[in-house]
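Taking the hints into account, I'd like the entire structure generated from these sequences.
So you can see what is in the structure, the chains are spelled out below.
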Amino acid sequence: MILNEQETRDLLAGYGIPMNESRAACGAAEAAGEARHIGFPVAVKALSRKIVHKSDLGLVELNIYNPGDAARAARRILARARDIDPEAGLIIEAMAPQGTEVIVGAKRDPQFGPTILFGLGGIFVEVFRDISVRVAPVDRTMAMDMIDDVKGYAILKGARGRKGVDLEALADILVCTSRLMMEQERVLELDINPVMAYEKGAMAVDARALIRD
Amino acid sequence: MSDNPLKSLLKPGSIAVIGASRDPAKWGYKVLHNIVRNPYKGKVYPVNPLAPDVEGLKCHASVGDVPGDVELAIIIVPSPAVLQVIDECGAKKVKALCVITAGFSETGPEGAALEERLKGKAAAYGMRMLGPNTMGFLNNSIGLNASIVPEMPPKGEISFITQSGALGLSLVDWAIGSHLGMNCVVSTGNKADVSEADLLEYFEEDKDTRTISMYIEGLKDGRRFMEAAKKVKKAKLAIKAGMSQAGARAAASHTGSLAGADAVYEAAFRQCGVVRVEGVEEMFDAAMALSTQPPAKGNRVAILSNGGGAAIMASDACERRGLKVPELRRHTKAGIARLLPVFASVKNPIDTVAKSDHDIYRDALQALIDDTGIDCVMVIYAHGGFTSAEEPARAVIDALKENYPKPVVACWMGGREVSDVARMFRRNRVPFYPTPERAAEALSALIRHHDLGKGGPR
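If you read the protein sequences in the order shown, they are chains A and B.
When the first sequence is numbered by the working numbering, its final residue is 761 and no position is left out of the sequence of numbers.
When the second sequence is numbered by the working numbering, its final residue is 635 and no position is left out of the sequence of numbers.
Don't read these hints as lab results, they were simulated from the structure.
Wrong hints could be hidden among the right ones.
[Claimed, not checked] No farther apart than 30 Å at their CA atoms in a straight line, the calculated lysine-lysine pairs in the BS3-like style are these:
#1 Lys298/B with Lys269/B
#2 Lys407/B with Lys699/A
#3 Lys705/A with Lys474/B
#4 Lys220/B with Lys384/B
#5 Lys510/B with Lys532/B
#6 Lys699/A with Lys501/B
#7 Lys332/B with Lys184/B
#8 Lys501/B with Lys705/A
#9 Lys474/B with Lys699/A
[Said to hold, decoys possible] Pairwise CB distance ranges, derived in the manner of DEER restraints:
#10 Met549/A with Ala289/B: 23 to 31 Å
#11 Arg760/A with Glu394/B: 25 to 33 Å
#12 Arg734/A with Arg606/B: 47 to 55 Å
#13 Lys408/B with Thr689/A: 14 to 22 Å
#14 Gly550/B with Gly670/A: 36 to 44 Å
All C-beta atoms, glycine included, are put in the ideal place defined by N, C-alpha and C.
Okay, here's the thing in structure tokens:
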């Protein structure tokens, strides 16, 4: 069974993984209210256990600056999402500033048990499959080593005048993810994608988990 | 060593071959024949109710009728008869089983159920079991060939654990052909009880094994394997076959499809200090270096060659594998320059311009070993036919007679005349290769093993 984004966020929060603020909503008015509560700009996304590729289906709207736009986006996304999943809802999130996107993942392997994955986000993971993997538990040294292992390490470290990102913060997320997988037997697969990495700090912006039925 | 539970299996004092046969086409004949005609000193008892004797040994109707103790029972009876034989072995207080009989989990659910019962029975009697569906094992240290492999490989310090029986067979043949010494070869079969992890623990304690090589298709318990491997200080090499992405494609998440089985094995091997190699040739090339050479403390290679072409190929091969071929110390260069004609190159790689006299090779190699900026040495001889391939080989052997602190590998390029040299090198524990690429790959494995061992790259 797939957990929806809010459920996955609750799971991650329990292990101290930093995330942008978010609130669930059922309708347009509620969405606008939650958006005002969080503070603009916000993102509005469909919340569903069935829908996997939200962006591909036009079920995500970013950079919304006022309650009216939030309500409009909510109405549109909800109508479209309910065609696919009648139980679909909404999630309103604070817009995370653009950082360097990375992916943190985990998977329960039939032979080795929990394994942890790290990779550079976007095109690096899609096209180049630039990832590193370890069998959990992953400690801090191992986590730093995992980050060091990807071919795009220079990008994270900072290259050609570009400032690097907070590697320690990324290592923390890897260690927390490892702990989650070691303790939560029911979690089979976990995608935290993307994690935004900044000069200082890092945070999860979207996440999904597959759990045992 | 006496405490290791697998000692009764791999170093038994007495053996019963249950299902021994007089028909040379049958495995029951082959296994007994292989035990009897090799130097194994323990007691051997053929068991077969229908034959009076096999291979000149009196046959017993059942294992219970054997007059003395039986430490190991090798079972080659049809699968429906196996369970009863296990009961008889239990009653006889046999210590270990090697079940060559096939027709278990490899055949389907019915066979798997039979295997479960077999496993349960063996465990209840406290007998460790290799197989079922194994091709047996051989142990050179006690001259025992308890397998269907027709010929023993030369004695050596490499022990090989193989999940594929047929591969084990062909490999022993290959080892004989390429003068590669081996200590044990164990075909694991279906691994109902004894697994790679148990064997790793055994070989860590086994004084006759220096390097452990493995051919793995799939582990049953990856975590147990990692725990065992982490404790093993000896060099460990593995071929992991079956990189299929079929399982990964069906995954529900990004991570599921990215962290496919192969990526996980890759990570697991690294984390527990197993050097992964691609194929059989690479594995045994590496094993030869690991079981004979001191550790490589770094990746700086010096190359000594009698020809420029081979020297350049060797440098390329090293650099492509992340090894360095650095400048030599001034003192080293001066020492080597004195040995060579003025027009020879004393830059690394060293080209002796066709000189391969004994003293030149010996002294130059010694100078390279003494260079504090160098971690390993590759000595190359390209055979042109106008010099002796043996002379520089003897020089290498002479230079390595005494204790030396750095690994040295030899690369002798050529055909017929070089194969005599190969035998010489093997006897003197010098790893040798027919091409610079293979020599470089072996050096790379030495360095990776050292890095993994000291907990460097993980």
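Checked hints:
Under the criterion of a C-alpha separation no larger than 30 Å, the hint pairing Lys298/B with Lys269/B is consistent with the structure, at around 14 Å. For the hint pairing Lys407/B with Lys699/A, the CA-to-CA distance comes to about 27 Å; that is within 30 Å, so the pair holds. Taken as a hint, the Lys705/A and Lys474/B pair is honoured in the structure, with Cα atoms around 28 Å apart against an allowance of 30 Å. Proximity of Lys220/B to Lys384/B is assessed by CA-CA distance (about 23 Å); at most 30 Å being required, the pair is judged to hold.
For the given pair, Lys510/B sits about 17 Å from Lys532/B by alpha-carbon distance, which is consistent with the 30 Å threshold. Between Lys699/A and Lys501/B, the direct Cα distance comes to roughly 20 Å. Compliance with the 30 Å bound is thereby established for this hinted pair. Between Lys332/B and Lys184/B the CA atoms are separated by roughly 19 Å; this keeps the pair inside 30 Å, and the hint holds. For the hint linking Lys501/B to Lys705/A, the alpha-carbon distance of about 25 Å falls within 30 Å, and the restraint holds.
Only pairs whose Cα atoms come within 30 Å are accepted, and Lys474/B paired with Lys699/A is accepted, the gap being roughly 25 Å. Separation of Met549/A from Ala289/B is about 29 Å and conforms to the stated range, judged on CB atoms against 23 to 31 Å. The hinted range of 25 to 33 Å is satisfied by Arg760/A and Glu394/B, whose Cβ atoms lie roughly 27 Å apart. About 54 Å separates the C-beta atoms of Arg734/A and Arg606/B, a value consistent with the hinted range of 47 to 55 Å.
Under the hint 14 to 22 Å, the C-beta atoms of Lys408/B and Thr689/A, about 20 Å apart, fit the expected range. Our hint of 36 to 44 Å for Gly550/B and Gly670/A holds, since their Cβ atoms are close to 43 Å apart.
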